[in-house]
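Trainee: The primary structure of each chain is shown beneath.
Number of protein chains: 2
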Amino acid sequence: MNPLTSPLLTDLYQLTMLEAYLREGMEEKAVFEFYIRNLPKNRGFLVAAGLESVLSYLEGLAFTDEEIAWLASTDRFSKRLLDYLRSLRFMGDVYAMPEGTIFFENEPLIRVEAPIALAQLVETRIINFLHFETSIASKAARCVIAAGEKVILVDFGLRRAHGAEAGILAARASCIAGFAGSATVIAGCLYGIPLFGTMAHSYIEAHGEEENAFIAYGRANPGNVTLLIDTYDTIRGAHRAADAALALRKEGIATRAVRIDSGDILGLSKEVRKVLDGKGLEDVHIFVSGNIDEYAIRDLLSQGAPIDGFGVGTKLDTSEDAPYLECAYKLMEYAGKPRMKKSRGKATMPGRKQVFRRFDNGVMSGDTLTVENDPQEGVPLIGKVMEKGVRLSPASSLKDIAAYTKEQYKTLPESLKNLSMDPSCPVRISSILLRLQEETAAAIS
Amino acid sequence: MNPLTSPLLTDLYQLTMLEAYLREGMEEKAVFEFYIRNLPKNRGFLVAAGLESVLSYLEGLAFTDEEIAWLASTDRFSKRLLDYLRSLRFMGDVYAMPEGTIFFENEPLIRVEAPIALAQLVETRIINFLHFETSIASKAARCVIAAGEKVILVDFGLRRAHGAEAGILAARASCIAGFAGSATVIAGCLYGIPLFGTMAHSYIEAHGEEENAFIAYGRANPGNVTLLIDTYDTIRGAHRAADAALALRKEGIATRAVRIDSGDILGLSKEVRKVLDGKGLEDVHIFVSGNIDEYAIRDLLSQGAPIDGFGVGTKLDTSEDAPYLECAYKLMEYAGKPRMKKSRGKATMPGRKQVFRRFDNGVMSGDTLTVENDPQEGVPLIGKVMEKGVRLSPASSLKDIAAYTKEQYKTLPESLKNLSMDPSCPVRISSILLRLQEETAAAIS
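Residue numbers (this note's numbering), protein chains in the order written: chain A, 2 to 446; chain B, 2 to 446.
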């Protein structure tokens, strides 16, 4: 069993509801939508990510004999359910915004249309992918906007990501948002993400002397020399790195950068720059890591820190200031009738939806959320991506998605790029959708 | 390739450092320790978890031909390194605190002793496991302490966990800490964790009428009936659930509980209790979910909310108020000599360490952190668990670990159980360890 693709990656209640649906013969089409209820504090916008994971999961959805046997061994489920699961494949339709699309609260990222048992079973994993990948792409987008065009960003987060899959998906999501690459080796293997790496403090410590360690590292990795200078004393380390870089240069080995991982980064980066320049090493970059997020990037660069790149780790891969999003995958229609939930604070808007985005001189001026087939001013954001379980087009390359995301940033009004704003949602709900909500609510006794 | 067990789940710099170590012939024994630098805000203690994952990973560590071929295809690595990796197995020794042990800052959870290349390569995944599982076990422990003995807790977090592995490991870590079980089906399959589940709002919505939905669900799942009552109006839902429970009772089907997922939980739970009791359903429990964490559990129960169980989801599986820990895996000794890092705010304490815990009438009265082989008052917490790559004893059952954790809670002084305290670290550093740190620092030029 592969835990990452197993259909057992679901909640027990999905299976107990299936028992009931099958027993009752309820097999009409259900329409579910995934959306974010509210943007977290400080987030002016979100960046859609996770669709590729969802489509791969749906394409491969199948129970193995081993999984069916385990379900049977629990004595919880009927033979009817086990037989149903044994032959189950995802045969539904999916509509979605492309990955990299900027979006706001209440706007569906994805719509799933399938017989209710099927659309229900996949809920848990669909949320699991879209919630996390969108969280990380959105956090990473803020770092990219703070860094500007000239400073490169690299994902350093695997070690403190929440498990292996989080680290892998974070490498991909940050790449979508404009990161240059990741330190996570397996992300290079799985997604072709460019890999970056330096050295650890332990490497220096094991050598004892810094300069020897630098030179040995350069000789062993002549194509990729970044020297970590803060193990003992950062300025002394900078001098030794400079001397090592000059020695390596004589052997034909270029030093790409030095890395600072602790201390007063603003002051140290300026001093280190002077040390390097003073020895004719203007081409050696300064790379910074340690507790970095979009706020640190903004503050350091706005104060003139001469930093050429950042390793962004923990705070990116955990989306530290917003470790979760208020998201939901909700039933919007069943058997051709709109459905809704009226729970306090969690009421839904029924029906199949579309989002139209208006632009003013290339800058977005507002969205309209409405029902499908209600044309509004602007460009529709949601399109069909899967029909009867089959993708309508091959997966886009990461490079193409990242290029699309970059174009999306250009459409953002300045106000939404502010890193410390309270979100002011630019989404208007159409009158036809509001009326549908009222009517549906009124029909519920 | 299985991404969850792949040795490519590492940082690029581990491989580039290996290049240098191999080139230099540096193959002496390294000693690394994993510890938490500072406890996060509001955490009085942490609960060790993740050791089982680490030992399984180390036991299975091996590169496949496919992985070696991919590394070769990047043109980054020498034939020497690829040959080394091809035959690599973990042959080191591991010392650790048992899972479920309560611990504090600077205390090593694990010590790895192996040739430096090997001990270095495994750093990323070791941190990835210990950091996350300890975060979740510690968060879950707070929920368990807040809930007391009579209220059951269930992990509902998979959907908003950071990826699949996070959801799976969170189910296990919360079970260690005293949760009754999880909704995550695959965690039942992989770890034998008891599974719990109710129904979703979509199930009610698809039926339209609540009472029909309740009865159909009960008939389909006679052994496991919990009815969700807040889809439209919670009190009306409670009346309908009560009527359904009475109807089901006539068919020999017992209703275990009703679930409330939104609104003013304190007031609603009291009203719902009255509705149920008024119809002779004193044995039907009230189960609550939605935005639950240790603070909500404490506040609701201390105000007399008649709640029998909680589903704890997002805030548990993301450790929402402390989504990461300031942890490190650091070189403490190489080739028989103590090593240390002096970086500002991140200096390490060199040498192999042991922790002794003192008790006063069964309650812990303080820890001493010292070097190995320096007996102190109290009980040593760290023992050898793996020798030359082989475990010294089979994995403990989850039940046994949970029982051990429960005993650990009994040793906690009241002050450390407070959910909203600033951590006051009860760890004393021995004079012999302080002297070793001074001497090691002085020897670094």
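Don't read these hints as lab results, they were simulated from the structure. A hint or two may mislead.
Because identical chains cannot be distinguished in the list, a pair is counted as satisfied if it fits within a single copy or across any two copies.
[To be verified] Quick list of in silico lysine to aspartate or glutamate cross-link-like pairs, DMTMM-like style, CA-CA up to 25 Å:
| hint | residue 1 | residue 2 |
| --- | --- | --- |
| 1 | Lys347 | Asp76 |
| 2 | Lys347 | Asp234 |
| 3 | Lys343 | Asp244 |
| 4 | Lys343 | Glu210 |
Remember, predicted model here, so these are calculated numbers, not experimental data.
Trainee: Indicate, hint by hint, whether the structure satisfies it.
Mentor: Status of each hint after checking the structure:
no. : hint            : in the structure
1   : Lys347 / Asp76  : neither (35 Å within a copy, 53 Å between copies)
2   : Lys347 / Asp234 : between (54 Å within a copy, 12 Å between copies)
3   : Lys343 / Asp244 : between (69 Å within a copy, 21 Å between copies)
4   : Lys343 / Glu210 : between (67 Å within a copy, 13 Å between copies)
Of the hints listed earlier, the one the structure fails to meet is number 1.
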